[in-house]
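Q: Listed below, chain by chain, are the residues.
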Amino acid sequence: MLRLDKLTKQYKTGDLALKDIVLEIPDGQVMALIGPSGAGKSTLIRCVNRLVEPTSGKISLNDLELTTLSQGQLRKARRRMGMIFQEYALVERLTVMENVLSGRLGYVGFWRSYFRKFPQSDIDEAFRLLERVGLDHMANKRADELSGGQRQRVGICRALIQNPELLLVDEPTASLDPKTSRQIMRLIRELCHERKLSAIINIHDVLLAQMFSERIVGLQLGEIVYDGPPDGMSPDVLTQIYGEEDWEATIEKVDDEDEAENVDVSASADAEPS
Amino acid sequence: MADNRTWKRPPFIKNPTLRWGIAIGGAIYLSIAMGTMDVNWSRVAAGLPRAERFIMSFFPPDFVSRAGDIADGIYESLWMTVVSTVIGIGLSIPVGLGAARNLSPRPVYLFSRGVLAISRTFPEIIIALFAVKIFSFGPFAGIIALSIGTIGFYGKLLAEDIEDMDPVQAEAVKATGSSWFQWLNYAVQPQVMPRMIGLAMYRFDINFRESAVVGIVGAGGIGATLLTSFDRYEFDSSAAILLIIIVIVMAVEYSSGFIRKWVQ
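Protein chains in written order, with this note's numbering: chain A, 1 to 274; chain U, 275 to 538.
Keep in mind that the hints were calculated from the coordinates and are not lab data.
A portion of the hints provided could be inaccurate.
[As the list claims (entries may be wrong)] One-sided excerpt, in silico: chain A residues whose CB lies under 7 Å from chain U: (1) Arg78; (2) Ala89; (3) Arg93; (4) Ser102; (5) Phe110.
We treat Cβ as the ideally placed atom computed from N, Cα and C, and that holds for glycine.
Bound conformation, chain A alone (with noise of 0.2 Å):
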């Protein structure tokens, strides 16, 4: 379980990214983190493992609480949160396996690391994630080599490697074209759901968020203004997060698109508005 409690942001710039934000996420759940850019999604994710250090408040994993840890402890933390970026952020002059396995480095000490010396165990770990992503043949190619949707399938297994209990996906299919969206979305649910894993997935896409989560959240200016299930998005929740628009028809759009996705994907990715 993860807690937020009052948790704000405050750049030195003085923009207040996030404000007061309370928010638990049971263990299990995948929740989708929607809003307009600069709602403070990012923010909030990296918050959490502390790339971006919190102002005030208090995060909590599983009873330990996050924002008092010191440097090697935080580390320590950092194994248990995986991580999954927009635009893949793999290191792209390493090769596929390297960069599955930089999600060990939490675990393994300097000299085995650079020595590429890393345990058989997670040798055959990162094997087997490759291959349940379908691409333990490309172990050896250059990150640079493989398309978006194959660098964000690496990138999943990175973050898996680590044997996290919580998942933090920034955007991850803001640079995939709508086929590939869906199939790294619903890889994410399948493993979240494999694993007993909590996630939090920003997304601004809304469509995707509903169709592949169980929650969601909807970020306005650093402030919660909607939190509930998929099918309660309605246009006056939409209009209340994003502005006003004619939402109807994404809304409609949605519960087509529900149904074609449980029969082909391929089919329903055809739908979407370019």
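Since the structure of chain A is provided, determine the placement of chain U on it from the hints.
A: Chain U alone, transformed into the frame defined by chain A:
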């Protein structure tokens, strides 16, 4: 109304007085500077035939008479180059890491930038003069001079390359719970390596050429041999030395291009 609107690219300096002032002031200064140069044309005329004789005395280059001295000088220059490049790059890595703003805390950053600024202020030949005074004549003084020069060059470029790296890749590795050194090895090093290998080759090339220069102030290497041949008026041997330097520099240049392509 909407027709006939003219458009001109806005001038770089908006204020017209300032713009023309700078242009006219610059022209006046340049003409005065030219005037002060004070060329003595009769001496130039007298010098021209001398220049012809001087240049002709370089031909044909004589590789043979002083072959032993030349070979010793070249070997000395080459090992001075190798040693000073290795030492210089070795020392510039910590300095370069310290001088990268996105890596280092403020005091370390300022200190490292200070080290780089000092080593870049003095050209190799000045450092060589000091080193010769301190350690007396010989290649050791040259190695010190070239190593210090390498720190300034390589450290600065390393720091700048690190500052230009993709921060997201670095963030992703940090998020796995890696230690600082693991993070360097997995996130920073792969990003800067190809360029740094190319620059190492380039610096090797510079150090070889500089080894000829520092030799002139007594810091060892082919420069000493070159100076001796000049002092003895053996210009044909000097020509041979210069040709060998050109060939070696070209060989390094060619192989560095090849290596750079290969490590991309």
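Q: Could you run down the list of hints and mark each one as holding or not?
A: Structure-based check of all given hints:
1. Arg78: At 4 Å from the nearest chain U Cβ, arginine 78 of chain A passes the 7 Å test, so the hint holds.
2. Ala89: holds, 4 Å
3. Arg93: holds, 4 Å
4. Ser102: Holds - the Cβ of serine 102 of chain A comes within 7 Å of chain U, reaching about 5 Å at its closest.
5. Phe110: holds, 5 Å
Against the hints set out earlier in the document, no violation occurs for any number.
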